[in-house]
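The listed protein sequences correspond, in order, to chains A and B. So the mapping is simple: the working numbering equals the position in the first sequence, first residue as 1, plus 1. So the mapping is simple: the working numbering equals the position in the second sequence, first residue as 1, plus 1.
Keep in mind that the hints were calculated from the coordinates and are not lab data. Do not rely on the hints blindly, as some may be mistaken.
[To be verified] Here are the simulated lysine to any residue pairs, SDA-like style, with alpha carbons at most 25 Å apart:
1) Lys-117(A) with Asp-151(B)
2) Lys-32(B) with Arg-290(A)
3) Lys-32(A) with Arg-265(B)
4) Lys-117(A) with His-157(B)
5) Lys-117(B) with Asp-151(A)
6) Lys-32(A) with Pro-268(B)
7) Lys-31(A) with Leu-173(B)
8) Lys-132(B) with Ala-121(B)
9) Lys-32(B) with Pro-264(A)
10) Lys-117(B) with Lys-31(A)
11) Lys-31(B) with Leu-173(B)
12) Lys-31(B) with Pro-264(A)
13) Lys-132(B) with Gln-230(B)
[What the hints assert, rightly or not] Chain B stretches covered by chain A per the calculated footprint, using a threshold of three residues with CB under 8 Å from any CB of chain A:
14) 62-73
15) 89-103
16) 110-122
17) 138-144
18) 151-161
[To be verified] Facing chain A, a subset of chain B residues (Cβ under 7 Å, in silico):
19) Phe-49
20) Gly-50
21) Gly-51
22) Phe-53
23) Glu-54
24) Leu-76
25) Ala-147
26) Leu-209
Using N, Cα and C, we set each Cβ at its ideal position, and we do this for glycine too.
Protein chains: 2
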Amino acid sequence: MSKRERRSELTYRGAGVDIDAQDDALARIKKHLDSTRVPGVLSEIGSFGGLFEVPDDVERPVLVASTDGVGTKVLVAQRAGRHDTVGQDLVNHCVNDVLVMGARPLFFLDYLAVGKLDPAVAERLVAGVAKACRENRCALLGGETAEMPDIYEPGHYDLAGTIVGVAPRDALLDGRRVAAGDVLLGLASSGLHTNGYTLARRVAFDVLGLGPDDELPGCGRSVADELLQVHRSYFPSLEPLLGGDALHALSHITGGGITDNLPRVLPRGLDARIRLGSWSVPPVFETLRRAGGIPQDDLLRTFNVGIGMVTIVDVRAADEVASTLATRGESCTVIGEVVRAGEGGGRRVVYEGRLP
Amino acid sequence: MSKRERRSELTYRGAGVDIDAQDDALARIKKHLDSTRVPGVLSEIGSFGGLFEVPDDVERPVLVASTDGVGTKVLVAQRAGRHDTVGQDLVNHCVNDVLVMGARPLFFLDYLAVGKLDPAVAERLVAGVAKACRENRCALLGGETAEMPDIYEPGHYDLAGTIVGVAPRDALLDGRRVAAGDVLLGLASSGLHTNGYTLARRVAFDVLGLGPDDELPGCGRSVADELLQVHRSYFPSLEPLLGGDALHALSHITGGGITDNLPRVLPRGLDARIRLGSWSVPPVFETLRRAGGIPQDDLLRTFNVGIGMVTIVDVRAADEVASTLATRGESCTVIGEVVRAGEGGGRRVVYEGRLP
Numbered sequence: 002m003s004k005r006e007r008r009s010e011l012t013y014r015g016a017g018v019d020i021d022a023q024d025d026a027l028a029r030i031k032k033h034l035d036s037t038r039v040p041g042v043l044s045e046i047g048s049f050g051g052l053f054e055v056p057d058d059v060e061r062p063v064l065v066a067s068t069d070g071v072g073t074k075v076l077v078a079q080r081a082g083r084h085d086t087v088g089q090d091l092v093n094h095c096v097n098d099v100l101v102m103g104a105r106p107l108f109f110l111d112y113l114a115v116g117k118l119d120p121a122v123a124e125r126l127v128a129g130v131a132k133a134c135r136e137n138r139c140a141l142l143g144g145e146t147a148e149m150p151d152i153y154e155p156g157h158y159d160l161a162g163t164i165v166g167v168a169p170r171d172a173l174l175d176g177r178r179v180a181a182g183d184v185l186l187g188l189a190s191s192g193l194h195t196n197g198y199t200l201a202r203r204v205a206f207d208v209l210g211l212g213p214d215d216e217l218p219g220c221g222r223s224v225a226d227e228l229l230q231v232h233r234s235y236f237p238s239l240e241p242l243l244g245g246d247a248l249h250a251l252s253h254i255t256g257g258g259i260t261d262n263l264p265r266v267l268p269r270g271l272d273a274r275i276r277l278g279s280w281s282v283p284p285v286f287e288t289l290r291r292a293g294g295i296p297q298d299d300l301l302r303t304f305n306v307g308i309g310m311v312t313i314v315d316v317r318a319a320d321e322v323a324s325t326l327a328t329r330g331e332s333c334t335v336i337g338e339v340v341r342a343g344e345g346g347g348r349r350v351v352y353e354g355r356l357p
Numbered sequence: 002m003s004k005r006e007r008r009s010e011l012t013y014r015g016a017g018v019d020i021d022a023q024d025d026a027l028a029r030i031k032k033h034l035d036s037t038r039v040p041g042v043l044s045e046i047g048s049f050g051g052l053f054e055v056p057d058d059v060e061r062p063v064l065v066a067s068t069d070g071v072g073t074k075v076l077v078a079q080r081a082g083r084h085d086t087v088g089q090d091l092v093n094h095c096v097n098d099v100l101v102m103g104a105r106p107l108f109f110l111d112y113l114a115v116g117k118l119d120p121a122v123a124e125r126l127v128a129g130v131a132k133a134c135r136e137n138r139c140a141l142l143g144g145e146t147a148e149m150p151d152i153y154e155p156g157h158y159d160l161a162g163t164i165v166g167v168a169p170r171d172a173l174l175d176g177r178r179v180a181a182g183d184v185l186l187g188l189a190s191s192g193l194h195t196n197g198y199t200l201a202r203r204v205a206f207d208v209l210g211l212g213p214d215d216e217l218p219g220c221g222r223s224v225a226d227e228l229l230q231v232h233r234s235y236f237p238s239l240e241p242l243l244g245g246d247a248l249h250a251l252s253h254i255t256g257g258g259i260t261d262n263l264p265r266v267l268p269r270g271l272d273a274r275i276r277l278g279s280w281s282v283p284p285v286f287e288t289l290r291r292a293g294g295i296p297q298d299d300l301l302r303t304f305n306v307g308i309g310m311v312t313i314v315d316v317r318a319a320d321e322v323a324s325t326l327a328t329r330g331e332s333c334t335v336i337g338e339v340v341r342a343g344e345g346g347g348r349r350v351v352y353e354g355r356l357p
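Bound-form chain A, shown alone:
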């Protein structure tokens, strides 16, 4: 694992860096890394860099890379003392980001920065990363654990990572195939995924004055259970559609909501018409809207409101795609369509109706 060698600064303990803890964390992490090995991985832990052979079965291979963090969802994890989910959030978020370009994941590297290294916590965090890597057939190729007592408070950490995926050049998805009449299939999210947490934390912890174990009103579960739901990966469900004619584009609904993310794959001259009310909005969003006094437009630009991925498909294939996705366990709804934009329009989301 790239720089996860032991840092042997012998006088560092007094300065707040604990070498024994680093050795312990490294030993605990190694088995999780090993569990993610896939064909292509050449390197072993301790090397200066992770090695991955470019697959030889991809025509004109294009690498698709993305770096992301988990944002302040880590603060919910820290407050709840649950550290095994945010690593999954991180990987799944990144997998979805390369998936929407038409790529399948190859490998992942994580960056974990802590105030004081707790080997058990570091292990839970990396275990989460490794679990999601396995689920997406993605190697955890390396990473860095940095102990920086003067930047992070004890008990605090930040978690970020980088994914590299691959797609044949001709199968890249960039929105060019999108046409008027295309159907928008919304795939259900699992809670907030990783966006809107600064606002959600304010509402849950400050406005409502709840603790992590208190029930979140209307949700039938605790604040921690609701807010730490794992960001879903849509790769297992959508992989069979990659490279096919039916799939015209994908949009991962992250920060900015449907309002800002869907236009990123719309060509000039086309809008997306979305029927609010056509899908069932999970209660957490209504709870946050009410308690936070958030207007509908703001809600739609802050949260995914129940749709984590929008699949843009050829109208002739829509029924078949929808039923195939349903058999793969996706909750899949026609939420609108691509339409020709009016005068001065284009690359916008036009909402009809209201959220239920």
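Chain A is already provided as a structure; the job is to place chain B on it using the hints.
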């Protein structure tokens, strides 16, 4: 640029997230990204992921990836109010890490996490990243800027990044070519590079009670000038040796010093014999040693003590390699050789003499 789209959480400003600042930072950053464009880059800012075509002139291409941070060198930058160097440190460190595997850099992605987003500071940081990317002919393909007021204090930031390089499989460097009699050529570092900063800060700021603009005793320059020297990239000098017969291995001297890093490329049964005193140790290390009361062994496992990269070369080619590197501006010294290990030994550094 992957997730560097605008985050449109309209009620976020009150919660500490400033959308105008994000738009401003994004606009400032874009030109620096564009300045790093190299053949292979397919994507534009705003896309979900960065795209890079696998070069078609590399036989059996192997991707070499590494994630790293700058450690607490960022605290020196923050204290000195100089933000244009740590991005260079980050990229050059990562470039060296894939270089020692035999790879040339393809692309880089950065992760910048801040307490409060100051667009001018973010621009300086990314400008540093982009400058080093250009110098190493490496694309800055994406990145993430995260504003997390509840994790980082105002004025504080953390900077990390991921590099992906490529090498032909047959030209990978993994230490297997290293043999007894090989010559160790040490290439000069520029100051501390990015390691030992928790200790160096304690000594400079606490033990010696200096500020960033005070002169560091014995160094003839200020604490900030000395401690913010840019971590060198050895790629421009060493690239012509990649894939050749003369070069047997490379070791990047980072955390753990020569003591811990050189063994990573030594095969079983071989030691590295290093003659202390054979190279000139920059005064900063003597200043830190004295003021911090650091024993020589600890110094050698904490700092690079003047050698940033060890080049292990065939004895028959050593003179030619050394003079070629000298013509490229490297300060290059024979610091020892690879020897057969004694009973129970191997994969160790054996020091002779003492540091001057």
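Whether chain A covers the segment 151-161 of chain B (at least 3 residues having a Cβ closer than 8 Å to its Cβ atoms): With 6 residues in contact (Cβ-Cβ under 8 Å with chain A), the coverage given for the segment 151-161 of chain B holds.
25 Å limit on alpha-carbon distance, applied to hinted pair Lys-117(B) and Lys-31(A): Answer violated: Lys-117(B) to Lys-31(A) is near 35 Å, above 25 Å.
Hey, Lys-132(B) versus Ala-121(B), does the alpha-carbon distance stay inside 25 Å? holds, 16 Å
With a Cβ-Cβ cutoff of 8 Å, does the segment 110-122 of chain B contain at least three residues near chain A? holds (count 4)
Sort out whether Asp-151(B) lies within 25 Å of Lys-117(A), counting only the CA atoms. This hinted pair holds, its Cα atoms lying about 17 Å apart.
Min Cβ distance, Glu-54(B) to chain A: is it shorter than 7 Å? It holds, given that the least Cβ distance between Glu-54(B) and chain A is near 5 Å, below 7 Å.
Tell me if the straight-line CA distance from Lys-32(B) to Pro-264(A) falls inside 25 Å. Holds, at about 23 Å.
Need the status of pair Lys-117(B), Asp-151(A): alpha-carbon distance at most 25 Å? With a Cα-Cα distance of about 17 Å, the restraint between Lys-117(B) and Asp-151(A) holds, given a limit of 25 Å.
With the threshold set at 25 Å, check whether the alpha-carbon distance from Lys-32(A) to Pro-268(B) stays at or below it. holds, 24 Å
Would you settle whether the hint for Phe-53(B) is holds or violated, based on the nearest Cβ-Cβ distance to chain A being less than 7 Å? Constraint on Phe-53(B) satisfied, holds at 5 Å.
Would the stated hint for Leu-76(B) survive a check requiring a Cβ distance to chain A of less than 7 Å? Hint holds; Leu-76(B) Cβ to chain A Cβ min 6 Å, cut 7 Å.
Measure nothing beyond the straight line between the CA atoms of Lys-117(A) and His-157(B); if it is 25 Å or shorter, mark the hint as holding. holds, 17 Å
Going through the hint list in order, the structure does not satisfy hints 2, 10, 11, 26.
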